[in-house]
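Chemist: If you're matching them up, the sequences are chains U and R in order. Sequential numbering of the first sequence, starting at 1, is according to this note's numbering. Sequential numbering of the second sequence, starting at 1, is according to this note's numbering.
FYI, nobody ran anything at the bench for these hints, they're computed from the structure. Watch out, some of these pointers could steer you wrong.
Identical chains blur together in the list; that is why a pair holds if it fits in one copy or across any two.
[Stated by the list, open to error] No more than 25 Å apart at the CA atoms, straight line, and that leaves these computed lysine-lysine pairs for DSS-like:
#1 Lys120 x Lys106
#2 Lys37 x Lys66
#3 Lys82 x Lys106
#4 Lys106 x Lys121
#5 Lys7 x Lys121
Protein chains: 2
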Amino acid sequence: MDLDFSKIDGLLPAVVQDQATGEVLMVAFMNQEAWEKTLETGEAHYWSRSRDVLWHKGSTSGHVQKVREVWVDCDADTVLLKVEQVGRAACHTGHVSCFHRRLDEKGEPVTVGRPVFDPKKVYGK
Amino acid sequence: MDLDFSKIDGLLPAVVQDQATGEVLMVAFMNQEAWEKTLETGEAHYWSRSRDVLWHKGSTSGHVQKVREVWVDCDADTVLLKVEQVGRAACHTGHVSCFHRRLDEKGEPVTVGRPVFDPKKVYGK
Chain U
1 MDLDFSKIDG LLPAVVQDQA TGEVLMVAFM NQEAWEKTLE TGEAHYWSRS RDVLWHKGST
61 SGHVQKVREV WVDCDADTVL LKVEQVGRAA CHTGHVSCFH RRLDEKGEPV TVGRPVFDPK
121 KVYGK
Chain R
1 MDLDFSKIDG LLPAVVQDQA TGEVLMVAFM NQEAWEKTLE TGEAHYWSRS RDVLWHKGST
61 SGHVQKVREV WVDCDADTVL LKVEQVGRAA CHTGHVSCFH RRLDEKGEPV TVGRPVFDPK
121 KVYGK
């Protein structure tokens, strides 16, 4: 189906949810090419806004996202991927979810949980 | 805490998840004002990209989103709200979630579930 990539300079947000647990793992951005590669390969591809390149998530770490379900919103300008996250953690910090900081009652971020891998070992940095 | 609104012309995406069920309800965008209003009031505020106005979700329909948890991602450029959705449905179509279309094996959208309210009655259109 056709998506609306016009609202953010050729990009749209993709929400990534763990299919088994329902945990929201991350949000990334797709252009048309990333969208097509994701559907073709069954593995999540995004457009990296920081590096300006097509990004096959997990190509460095091995922690690819196997796409089990694809959902499209009412305006066709956002997608929801339900995935199997290889290596369990989606975040480059080693946390399961990029959303691992919760605001406390004062509005200050508190890190919840611990990394499940050591980024230095996975990324060799 | 300070968020990074610089990547999308002063906006950042907010993922909205039903706190009770874990269902992803919608994605909307916030500017600094919407973010502050959300924290101040405990009800979700966004920036409407189509109408170019601050948008207190539910101000027309009564279906506000009571924010129970606020999470921030690793780059501080995306937030996750866990909410109690008054009226149960977040989508203007009357569906619980804006993500009510799933792609089938041919990549075609299939609507899953039925609206829980009649938009004509709620919005008077």
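Chemist: If a hint holds in the structure, say so; if it does not, say that too.
Modeler: Against the structure, the hints come out as follows:
1. Lys120 x Lys106: Neither, since 32 Å and 40 Å both go past 25 Å.
2. Lys37 x Lys66: Classified as within; 12 Å inside a copy, 37 Å across copies.
3. Lys82 x Lys106: between (33 Å within a copy, 17 Å between copies)
4. Lys106 x Lys121: Neither. Shortest intra-copy (35 Å) and inter-copy (39 Å) distances fail the 25 Å Cα cut-off.
5. Lys7 x Lys121: For lysine 7 and lysine 121, neither the intra-copy (38 Å) nor the inter-copy (30 Å) Cα distance is at most 25 Å.
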